[in-house]
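Chains as they are written, first to last, in the working numbering: chain R, 1 to 576; chain E, 1 to 285.
Keep in mind that the hints were calculated from the coordinates and are not lab data. C-beta atoms are modelled at their ideal positions from N, C-alpha and C, and glycine is treated no differently. Some hints here could point you the wrong way.
[To be verified] For the chain R half of the interface with chain E, some residues (derived, Cβ under 7 Å), not all of them: (1) Gly-155; (2) Pro-231; (3) Gln-269; (4) Glu-420; (5) Ala-421; (6) Thr-425.
Residue-level listing of the chains:
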Amino acid sequence: MLSAPTGASVTTPAEDGQWTMPAKNYASTRFSGLEDINTGNISSLKLAWSFSTGIVRGHEAAPIVANNTMFIVTPYPNIIYALDLTRTGGPVKWKYEPNPQASAQGVACCDVVNRGGVYSDGKLFFNTLDNHTIALDAATGKLLWKTQVGDINMGESMTMAPLVVKDKVLVGNSGGEFGVRGWLTALNTSDGKIAWRAYHTGPDADVLIGPNFHPFYPSDQGKDLGVTSWPADAWKIGGGTSWGWISYDPEQNLIFYGTGNPGPWNADQRPGDNKWTCGIFARDVDTGQARWFYQFSPHDLHDYDAINEQILMDLPVNGQTRKVLVRPERNGYVYVIDRTNGQVLSANPFAYVTTSKGVDLNTGHLIYNEEKKGEVGKTVREICPAAPGAKDWQPSAFSPRTGLMYIPHQNLCQDFEGLEANYITGTPYVGANVRMYAGPGGNRGEFLAWDPVKNEKVWAIRENFPVWSGALVTAGDVVFYGTMDGWFRAVDARNGNVLWQFKCGSGIIGQPISYRGPDGKQYIAILSGVGGWSGAIVAGGLDPRDATAALGFVGAMGDLPDYTARGGMLYVFALP
Amino acid sequence: MCSRFPKEIKILFLLAASACASHKPAAVATVPQITRPAGVLRVCADPNNLPFSNQRGEGFENKIAELLAHDLGERVEYTWWAQRRGFFRNTLKAGMCDVVMGVPAGFEMALTTKPYYRSSYVFLSRKDRHLNLGSLDDPQLRKLRIGVQIIGNDQTNAPPAHALTRRNIIDNVKGFTLYGDYSQPNPPARIVDAVAKGDIDLAIVWGPLAGYFAKQSHVPMQVVPVTPQIDQPFLPFVFDISMGVRRGDQDLRDQLEQVLEQRRADIDRILEDYKVPRVEGGQGV
Chain R
1 MLSAPTGASV
11 TTPAEDGQWT
21 MPAKNYASTR
31 FSGLEDINTG
41 NISSLKLAWS
51 FSTGIVRGHE
61 AAPIVANNTM
71 FIVTPYPNII
81 YALDLTRTGG
91 PVKWKYEPNP
101 QASAQGVACC
111 DVVNRGGVYS
121 DGKLFFNTLD
131 NHTIALDAAT
141 GKLLWKTQVG
151 DINMGESMTM
161 APLVVKDKVL
171 VGNSGGEFGV
181 RGWLTALNTS
191 DGKIAWRAYH
201 TGPDADVLIG
211 PNFHPFYPSD
221 QGKDLGVTSW
231 PADAWKIGGG
241 TSWGWISYDP
251 EQNLIFYGTG
261 NPGPWNADQR
271 PGDNKWTCGI
281 FARDVDTGQA
291 RWFYQFSPHD
301 LHDYDAINEQ
311 ILMDLPVNGQ
321 TRKVLVRPER
331 NGYVYVIDRT
341 NGQVLSANPF
351 AYVTTSKGVD
361 LNTGHLIYNE
371 EKKGEVGKTV
381 REICPAAPGA
391 KDWQPSAFSP
401 RTGLMYIPHQ
411 NLCQDFEGLE
421 ANYITGTPYV
431 GANVRMYAGP
441 GGNRGEFLAW
451 DPVKNEKVWA
461 IRENFPVWSG
471 ALVTAGDVVF
481 YGTMDGWFRA
491 VDARNGNVLW
501 QFKCGSGIIG
511 QPISYRGPDG
521 KQYIAILSGV
531 GGWSGAIVAG
541 GLDPRDATAA
551 LGFVGAMGDL
561 PDYTARGGML
571 YVFALP
Chain E
1 MCSRFPKEIK
11 ILFLLAASAC
21 ASHKPAAVAT
31 VPQITRPAGV
41 LRVCADPNNL
51 PFSNQRGEGF
61 ENKIAELLAH
71 DLGERVEYTW
81 WAQRRGFFRN
91 TLKAGMCDVV
101 MGVPAGFEMA
111 LTTKPYYRSS
121 YVFLSRKDRH
131 LNLGSLDDPQ
141 LRKLRIGVQI
151 IGNDQTNAPP
161 AHALTRRNII
171 DNVKGFTLYG
181 DYSQPNPPAR
191 IVDAVAKGDI
201 DLAIVWGPLA
211 GYFAKQSHVP
221 MQVVPVTPQI
231 DQPFLPFVFD
241 ISMGVRRGDQ
251 DLRDQLEQVL
261 EQRRADIDRI
271 LEDYKVPRVE
281 GGQGV
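Hey, can you work out the whole structure from these sequences and the hints?
This is how it looks when you write it as structure tokens:
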């Protein structure tokens with residue numbers, strides 16, 4: 001354990017030069033212990049090799065490196081490339097095509113991204129858009145098992161990267177807007193059989209809430225809240241999907257992960273807290289039984305899915321060292337939560353927030369600003385953060401050397417104004433006209449360093465576009481992230497000075513990683529390929545005149561096509 | 001086209017249009033220029049959504065497409081795609097096809113023809129229940145088990161869901177996702193099945209769906225247009241339906257309008273065959 005200048009520390013395994021899971025380790029630090037590339041020499045960092053995936057949709061995945069092989073998962077059709085790092089230029093060692101169901105074209109229309117695979121014990125695990133979890137022999141690409149865990153015909157899809165803990169691979173579903181009921185599922189790594197499934201709405205038995213469930217706040221205590229905090233049977237199509245990040249604390253044998261927003265009901269149609277949506281669960285990884293839960297956005301009003309990453313740290317709080325998880329949340333606050341019991345120790349805004357007035361630490365409740373509640377036919381301006389939140393799925397990093405978190409995020413507000421005619425599945429209706437735009441300052445994105453002990457911003461870089469890529473920090477005290485207009489930047493972890501940058505062919509929404517090659521050199525890798533929700537205007541070829549397309553996001557991104565075009569490409573950098 | 005609108009709907013679209021007009025991004029659109037292949041009317045359609053369309057050509061939109069193509073001296077060619085989020089982006093706007101047979105008049109994502117029919121949301125119930133509902137303000141709505149279809153975009157849903165919520169009718173409302181199970185035929189029709197089976201007393205659904213499946217049902221059904229046609233604060237239950245082509249494709253739009261005009265009687269007959277409830281001049285028929 002390293003104690004950093006801020007007093008924040010983490011427990012992680014020794015650096016092995018690999019990158020076997022998107023978050024690098026169970027504490028989810030996205031910190032590489034490699035230090036060959038550092039603030040002193042990074043100006044000479046050069047492109048070593050590159051590789052085109054041949055796919056033009058948004059590339060959100062982290063490359064995975066194990067046993068001198070790099071594994072890439074593309075967006076739909078979810079092709080896996082294994083690249084041989086022992087040979088110059090990383091030629092293809094094997095390729096696996098899962099051929100996801102194409103007959104259901106349009107059934108899961110929107111999110112065709114994939115956030116990556118995970119390597120464990122000679123196997124590579126990943127999810128397909130059409131709800132299959134697949135295990136391959138990492139050496140040969142041979143299929144070991146393939147399990148269907150959801151049904152695309154019901155609107156379910158899968159975009160998250162799995163996490164492997166012990167003998168379980170953990171996966172969750174997407175599709176809350178289709179009335180999907182959210183879940184997290186554990187499969188046996190050995191045979192792909194489902195070991196347990198925990199739903200995020202419905203009776204306690206389905207949610208895997210039993211005698212060991214001890215949530216900190218009274219509002220989360222009671223029988224079958226996943227039923228009683230909804231009107232009638234609304235929970236049956238209640239959303240609360242799980243498509244983000246999972247962390248694991250070996251000491252407690254607990255996993256931590258968040259749940260998506262309640263959908264597809266509008267807020268007024270679902271009075272109640274709508275458990276267990278927009279919150280975080282701690283569960284025993286062996287049984288799936290819930291230990292505690294905390295709800296970031298009870299009765300969500302603003303589409304604030306709570307699927308973001310949590311970094312497991314030990315922090316000094318009021319003179320005591322507390323085992324915490326730190327989570328920059330979609331609703332705009334960095335939460336510091338005691339990971340042993342779910343108590344919120346602090347919640348401070350890291351972005352411009354008008355939708356709420358803070359978090360009541362006695363009750364744990366988010367204090368909503370009723371004036372910013374959207375209603376059909378009512379004009380509501382300056383709803384901040386907008387629906388993608390102050391920060392969406394794009395994961396932060398933490399350096400035990402600086403004690404700082406590095407948070408990529410967006411600075412967007414939205415207005416509801418007027419009405420527009422709409423049409424879906426043969427049915428016309430009118431909906432609120434949603435328009436997103438840059439928040440205060442006029443920059444749509446920001447990359448910031450955050451002190452989790454003092455709970456304050458240390459430095460920040462304003463970005464023209466939302467920063468939709470993940471972050472990487474290294475023992476060379478360099479932080480990497482990408483911009484949607486294609487710049488891959490390296491900045492000084494201590495002060496945010498830009499030290500190096502490279503213009504990639506397409507905008508970056510992927511996750512940078514670092515590894516040690518078979519030649520002993522340190523490498524940095526990133527996938528470029530703009531897309532995702534924020535980049536749909538380019539990846540989906542949307543018309544910038546449709547300001548409300550992509551649920552209003554296009555309105556804020558009208559100029560992106562002037563900066564970048566689509567195309568998936570891996571870039572790998574090294575010192576000469 | 002506006003001259004055919006009831007006053008309130010005209011205001012609605014004016015509002016929508018002005019709200020959009022002031023916020024167009026400055027960037028120049030990179031809309032693909034598509035040349036329509038000769039002799040072919042390329043239609044974007046859902047392969048599994050009667051009464052509108054299906055892959056076997058059994059929907060009223062299929063029949064109308066055949067009629068249009070015939071008069072244009074063309075044959076129909078389909079691009080099949082489930083009509084969900086992304087439908088317009090992946091089909092019409094991607095240039096895979098040239099016309100969508102049904103969109104609301106003034107729809108933002110397409111250039112629309114003059115409307116060719118106007119329908120309404122309806123109350124659908126078993127005849128043997130003798131509910132005789134006509135108004136959203138009928139006190140029976142507080143007690144009946146009511147089915148509505150849920151669409152699920154944020155702050156956006158089908159009008160019945162909003163209207164009931166505003167009247168604080170919540171606990172006796174059962175939601176059906178509009179999307180349903182796509183492995184089943186015509187997934188939005190499950191709400192009609194639920195009425196027939198007695199799982200719910202009443203459904204409030206878009207007229208064409210209700211009219212067609214009520215006729216098919218083995219249980220006699222009652223279909224009554226919803227009033228008010230425009231609910232407070234500003235929620236229309238009546239929509240004018242047009243055809244949609246890509247923006248910029250005025251030629252095709254004009255050709256379609258010409259045929260729609262010439263074949264008005266034939267199109268009305270097709271709509272009648274499919275029991276599409278129609279509303280004229282703001283008056284229920």
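These are the hints, each one checked on the structure:
1. Gly-155: Holds - the Cβ of Gly-155 (chain R) comes within 7 Å of chain E, reaching about 5 Å at its closest.
2. Pro-231: holds, 5 Å
3. Gln-269: holds, 5 Å
4. Glu-420: holds, 5 Å
5. Ala-421: Hint holds; Ala-421 (chain R) Cβ to chain E Cβ min 4 Å, cut 7 Å.
6. Thr-425: Holds - the Cβ of Thr-425 (chain R) comes within 7 Å of chain E, reaching about 5 Å at its closest.
Taken one by one, the earlier hints all hold for this structure without exception.
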